[in-house]
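S.K.: The primary structure of each chain is shown beneath.
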Amino acid sequence: MVNQILTIKNLTKIYGDNIIFQDIDLAVNEGDTIVIIGPSGTGKSTLLRCINLLTKPNGGQIWLDNEEITREDVNEDKVRQHIGMVFQNFLLFSHLTALDNVKLGLVKVKKMDKAAAELKAFQELERVGLSDRAHHFPGQLSGGQQQRVAIARALAMDPRIMLFDEPTSALDPELIGEVLEVMRNLSLAGMTMVVVTHEMGFAREVADRIVFMEKGSIVEQGSPDDLFNRPKFQRTREFLWKITELYGKKEQEK
Amino acid sequence: MDLSKFIQYIASGTSYTLGVTLIALPSGLILGLIFAIIYVYGGKIAARLMNIYSTIMRGIPPIVLLFILYFIMSGNINLSPFWAGSISLGIISSAYQMEIIRGAILSVSGGQMIAALAIGMSRMQAIRYIVLPQTLRLAIPPWSNEAAIVIKDSSLVYALGVPEILRRAQLISASTQQPFLAYTTAALIYFALVLMTNTLLGRLEKSLRIPANP
Numbered sequence: 001m002v003n004q005i006l007t008i009k010n011l012t013k014i015y016g017d018n019i020i021f022q023d024i025d026l027a028v029n030e031g032d033t034i035v036i037i038g039p040s041g042t043g044k045s046t047l048l049r050c051i052n053l054l055t056k057p058n059g060g061q062i063w064l065d066n067e068e069i070t071r072e073d074v075n076e077d078k079v080r081q082h083i084g085m086v087f088q089n090f091l092l093f094s095h096l097t098a099l100d101n102v103k104l105g106l107v108k109v110k111k112m113d114k115a116a117a118e119l120k121a122f123q124e125l126e127r128v129g130l131s132d133r134a135h136h137f138p139g140q141l142s143g144g145q146q147q148r149v150a151i152a153r154a155l156a157m158d159p160r161i162m163l164f165d166e167p168t169s170a171l172d173p174e175l176i177g178e179v180l181e182v183m184r185n186l187s188l189a190g191m192t193m194v195v196v197t198h199e200m201g202f203a204r205e206v207a208d209r210i211v212f213m214e215k216g217s218i219v220e221q222g223s224p225d226d227l228f229n230r231p232k233f234q235r236t237r238e239f240l241w242k243i244t245e246l247y248g249k250k251e252q253e254k
Numbered sequence: 001m002d003l004s005k006f007i008q009y010i011a012s013g014t015s016y017t018l019g020v021t022l023i024a025l026p027s028g029l030i031l032g033l034i035f036a037i038i039y040v041y042g043g044k045i046a047a048r049l050m051n052i053y054s055t056i057m058r059g060i061p062p063i064v065l066l067f068i069l070y071f072i073m074s075g076n077i078n079l080s081p082f083w084a085g086s087i088s089l090g091i092i093s094s095a096y097q098m099e100i101i102r103g104a105i106l107s108v109s110g111g112q113m114i115a116a117l118a119i120g121m122s123r124m125q126a127i128r129y130i131v132l133p134q135t136l137r138l139a140i141p142p143w144s145n146e147a148a149i150v151i152k153d154s155s156l157v158y159a160l161g162v163p164e165i166l167r168r169a170q171l172i173s174a175s176t177q178q179p180f181l182a183y184t185t186a187a188l189i190y191f192a193l194v195l196m197t198n199t200l201l202g203r204l205e206k207s208l209r210i211p212a213n214p
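Protein chains in written order, with the working numbering: chain H, 1 to 254; chain R, 1 to 214.
Derived from the structure by calculation, the hints contain no laboratory data. Think of the CB as a built atom: it goes at the ideal place given N, C-alpha and C, for glycine as much as any other residue. Any given hint might turn out to be false.
Computed beta-carbon distance windows for the label pairs [to be verified]:
| no. | chain 1 | residue 1 | chain 2 | residue 2 | range |
| --- | --- | --- | --- | --- | --- |
| 1 | R | G103 | H | L119 | 38 to 44 angstroms |
| 2 | H | K215 | R | K44 | 29 to 35 angstroms |
| 3 | R | I30 | H | N58 | 38 to 44 angstroms |
Derived pair list, reagent style DSBU-like, types lysine-lysine, alpha-carbon separation capped at 30 angstroms [to be verified]:
| no. | chain 1 | residue 1 | chain 2 | residue 2 |
| --- | --- | --- | --- | --- |
| 4 | H | K111 | H | K78 |
| 5 | H | K242 | H | K232 |
| 6 | R | K44 | H | K78 |
| 7 | H | K215 | H | K242 |
| 8 | H | K108 | R | K206 |
| 9 | H | K9 | H | K108 |
| 10 | R | K44 | H | K114 |
| 11 | H | K110 | H | K56 |
| 12 | H | K56 | H | K114 |
| 13 | H | K56 | H | K108 |
| 14 | H | K120 | H | K78 |
| 15 | H | K56 | R | K206 |
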């Protein structure tokens, strides 16, 4: 019996007259890696932000571990402790070393004692291959390293689910691989993940399910094999063709 | 009167000048910090109130405000001119320091707050552990400018009769008929104080700089 970690029903987000997305339904099982793809401006990032309550949806409900987190009286800070988030532009705390970036949440949010927190932070850095950079500041790290520290920071909180918002879009091409590698290992280790990305190679290889969003709604979803080889809709086919063409060319140039 | 006694008389006001500064500057910092946080994070009404406070305080000459605040205070509580003057200057400075800190808060990227919330911190924790440490670093250069202004403005309490540097220069100039010497001595002492303060703050800025690759 698989355990459903995240359930989204009829989620709607509107800015002014602008409907970002409407009536989104999505279910994520424990251990699954869901990859959300689609043209930019279709509300993929906003959807992730709604899931960890950084943005308030206008309608619909979200459940995390069978507990509704869109209730009015929910403790948002508590909810966010259980949801890890990785951002496009890393957003490391720029005045803290890599180690302190990972450690801070453990000490201040989880109230761990300093020695235990330091040990755990170090282990998390080891997990993303950066224990030798523990005492470097973000400004002294490459983009790929910064993003790996950001992943370690999120993982340190022992989240139930990890959200990735275009984690490689701000990286130079040669740095993308190291971040995807960390994410691949995480997925293999059984972490539940929702990933917004344009990396079709990653989607194809790692995703349990690919969700194609366009113009604020989910067009179709299915296994990578189904979506890439037997898409139901012309729109899906066109998007995949376009993006594979674009990124395929890049890959050949490498 | 020989020269060394002349200078010594004026220089002995330095303790008052320093005293006024060391009360006014930190109290202005604490108030300014609290007001800046309320301004930025306190919602629309609080921001409006802080803006009014800032506009009024910065729109009136400090000497006029000093008299107003002094007479409010000495009318209600029994405070010596030294304390009343120092606290008044602190209140005046708080408006300027609020603007300095507000500017620094706004130049910390908004993403830092979002990242802090994303690991489960409350807004207060995010402000305290993430936003403020970066803010205060950014605020040091403009703040050292304000520190110089407060040192110099401490001379305004001469008008309340506090025997600080300027007051003493004025007294000795009147009794010896040597205004040039008296005021030049005062000027040099103020200048030395400002120079030392700026040097110290420059060092502080350097030692707190966050390491980064060029």
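S.K.: Hint by hint, say whether it matches the structure.
M.R.: Results for each hint:
no. : hint                                 : in the structure
1   : R/G103 to H/L119: 38 to 44 angstroms : 40 angstroms, holds
2   : H/K215 to R/K44: 29 to 35 angstroms  : 34 angstroms, holds
3   : R/I30 to H/N58: 38 to 44 angstroms   : 41 angstroms, holds
4   : H/K111 to H/K78                      : 13 angstroms, holds
5   : H/K242 to H/K232                     : 16 angstroms, holds
6   : R/K44 to H/K78                       : 27 angstroms, holds
7   : H/K215 to H/K242                     : 17 angstroms, holds
8   : H/K108 to R/K206                     : 28 angstroms, holds
9   : H/K9 to H/K108                       : 33 angstroms, violated
10  : R/K44 to H/K114                      : 38 angstroms, violated
11  : H/K110 to H/K56                      : 25 angstroms, holds
12  : H/K56 to H/K114                      : 34 angstroms, violated
13  : H/K56 to H/K108                      : 25 angstroms, holds
14  : H/K120 to H/K78                      : 20 angstroms, holds
15  : H/K56 to R/K206                      : 41 angstroms, violated
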